[in-house]
Amino acid sequence: EPEVTQTPSHQVTQMGQEVILRCVPISNHLYFYWYRQILGQKVEFLVSFYNNEISEKSEIFDDQFSVERPDGSNFTLKIRSTKLEDSAMYFCASSEGRNRGEQFFGPGTRLTVL
Amino acid sequence: AQSVTQLGSHVSVSEGALVLLRCNYSSSVPPYLFWYVQYPNQGLQLLLKYTSAATLVKGINGFEAEFKKSETSFHLTKPSAHMSDAAEYFCAVSPSGGYNKLIFGAGTRLAVHP
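From first to last, the protein sequence lines are chains A and B.
Letter by letter, the first sequence follows residues 1 to 114 of the numbering used here.
Letter by letter, the second sequence follows residues 1 to 114 of the numbering used here.
In isolation and in its complexed conformation, chain B is listed as follows (with noise of 0.2 Å):
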């Protein structure tokens, strides 16, 4: 079965520092590969998105996201945090075969401090 990991349920920056959140899948065949992120009492906005195409992938917010097969990962990155980076991001594997449900990992909250 396909599932995502997400490594640091918190992670705390400083504003104007890297921001580096871990995403790990388990997939027996090339997934599709997403970041979504959560502000508070809002819903699920797509940050980027991997479909087999260019293995480096920029997003919206300055984020971009690199899909790596030997480590089966998918970390999210940004050089450079700002206070309103601060939300719940989720990454989520499309499994092959399925009318494109999502299957997600459990979240890491980004707090961003001056």
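Isolated chain A, as found in the complex (with noise of 0.2 Å):
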């Protein structure tokens, strides 16, 4: 069965540093978002991606973010200079189709920032 996968598991980074998260979305699927989840909190929505652009983004989703689509089945997440709040699990998602349909989600990537 398809399913999202995201590298790596975990990442151990020191607060300015960039990270690269990588996603590779279910290969038929169109839409593709990052979702992030603080340790003891919500999932939270980051911002989703279509047709090589970003399609909606929330208030976290700042300067110091970016997604990209580099090839035809990589997407990932890059957070520029990386701060202690950054520290969460990270997941990445797709979908088929515009109307509501299922997101499937990845694994997630823990991210730890020293």
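One or more of the hints may lead you astray.
[Unchecked claim] Which residues of chain B face chain A? A partial, calculated answer using Cβ under 10 Å:
| # | residue |
| --- | --- |
| 1 | Q6 |
| 2 | F34 |
| 3 | Y36 |
| 4 | Q38 |
| 5 | L44 |
| 6 | Q45 |
| 7 | L46 |
| 8 | K49 |
| 9 | F90 |
| 10 | A92 |
| 11 | S94 |
| 12 | N100 |
| 13 | L102 |
| 14 | I103 |
| 15 | G105 |
| 16 | A106 |
[Claimed, not checked] Keeping only pairs whose Cα atoms sit at most 20 Å apart, straight-line, the calculated EDC-like set for lysine to aspartate or glutamate is:
| # | chain 1 | residue 1 | chain 2 | residue 2 |
| --- | --- | --- | --- | --- |
| 17 | A | K78 | A | E68 |
| 18 | A | K57 | A | E68 |
| 19 | B | K58 | A | E102 |
| 20 | A | K78 | A | E59 |
| 21 | A | K42 | B | E88 |
| 22 | A | K57 | A | D86 |
[What the hints assert, rightly or not] Now the in silico label distances, taken between C-beta atoms and shown as ranges:
| # | chain 1 | residue 1 | chain 2 | residue 2 | range |
| --- | --- | --- | --- | --- | --- |
| 23 | B | T55 | A | L84 | 43 to 49 Å |
| 24 | A | E18 | B | N61 | 38 to 44 Å |
| 25 | B | T72 | A | D71 | 41 to 47 Å |
| 26 | B | G16 | A | E53 | 46 to 52 Å |
| 27 | A | D71 | B | I60 | 31 to 37 Å |
| 28 | B | S14 | A | V12 | 36 to 42 Å |
Keep in mind that the hints were calculated from the coordinates and are not lab data.
Backbone N, C-alpha and C define an ideal beta-carbon position, used for all residues, glycine too.
Join the two chains, each given in its own frame, into one complex according to the hints.
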């Protein structure tokens, strides 16, 4: 069964460093998303991406964040200068269609900023 | 703004007992509603979804949920809990007009004891 994959599973970085989180969505899906979950808190929407551009972004998704689909399979989230408060689990998701189709989630990348 | 409230951050039941996890939403238009389950160290898996068809929705693993517009509720139930149901459960709403972004509740951790 097709699934969303994410790498790495755990990333440890120093404050101020850049990190890139990688996701491979399901191959025939057209909509891509990033969410994050700070430990003990709810899952929060960060950004949605369609047709090589951002469709919607939340207040959390400020200038430190960027997303890219560098090739036909990968979808990346870059954090330019990490802060302690960026420590969280980051989930990638993809869906097939626009009309509120099911989103399939990856297993997540746990980012720890020291 | 759309929001989701899950009553009870922790629910504990005996194996074989009824499971009831509560979810209330706020929405100015008919939403799409979802229940996701998260097992330890895994991503989010869709249990079931309501997309304005039948108000009683059946999902995987014996779970079902009933959409009640008058109560703005979408509670999740299972007649008989199994040890393997122990996980965190998230209710989510998809707002109208967005590119399917999901707004999650805070989650309910379900414990099942023998």
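**Study point:** chain A contact restraint for B:Y36 - C-beta distance below 10 Å
**Key:** This interface hint holds because 8 Å falls under the 10 Å limit.
**Study point:** Interface hint outcome for B:L102 [beta carbon to chain A under 10 Å]
**Key:** holds (6 Å)
Point to revise | Interface hint compliance - B:Q45 to chain A, C-beta minimum distance less than 10 Å | key: The hint holds - B:Q45 has a Cβ within 10 Å of chain A, the shortest such distance being about 7 Å.
**Study point:** Interface hint compliance - B:Q6 to chain A, C-beta minimum distance less than 10 Å
**Key:** Holds, because the Cβ-Cβ distance from B:Q6 to chain A comes to roughly 9 Å (cut-off 10 Å).
Check your understanding: Taking the least C-beta to C-beta distance, is B:G105 closer than 10 Å to chain A?
Key -> holds (7 Å)
Practice item. Starting from the hint 41 to 47 Å, judge whether the C-beta atoms of B:T72 and A:D71 obey it. Key: Check passed, 43 Å falls within 41 to 47 Å.
Practice item. Please work out if A:K78 and A:E59 have their alpha carbons no farther apart than 20 Å. Key: holds (16 Å)
Point to revise | Restraint check, 10 Å cut-off on beta carbons, for B:F90 near chain A | key: holds (6 Å)
Check your understanding: At the C-beta level, are A:E18 and B:N61 separated by a distance inside 38 to 44 Å?
Key -> At 40 Å between Cβs, range holds.
Exercise for review: Hint says 31 to 37 Å; check whether the CB-CB distance for A:D71 and B:I60 agrees.
Suggested key: holds (33 Å)
Check your understanding: Per the CB criterion, is B:I103 less than 10 Å away from chain A?
Key -> holds (7 Å)
Check your understanding: Quick one, is the B:L44 hint okay against chain A at 10 Å, beta carbons?
Key -> With a minimum Cβ separation of about 4 Å from chain A (threshold 10 Å), the hint on B:L44 holds.
Hint compliance for this structure: every hint is met.
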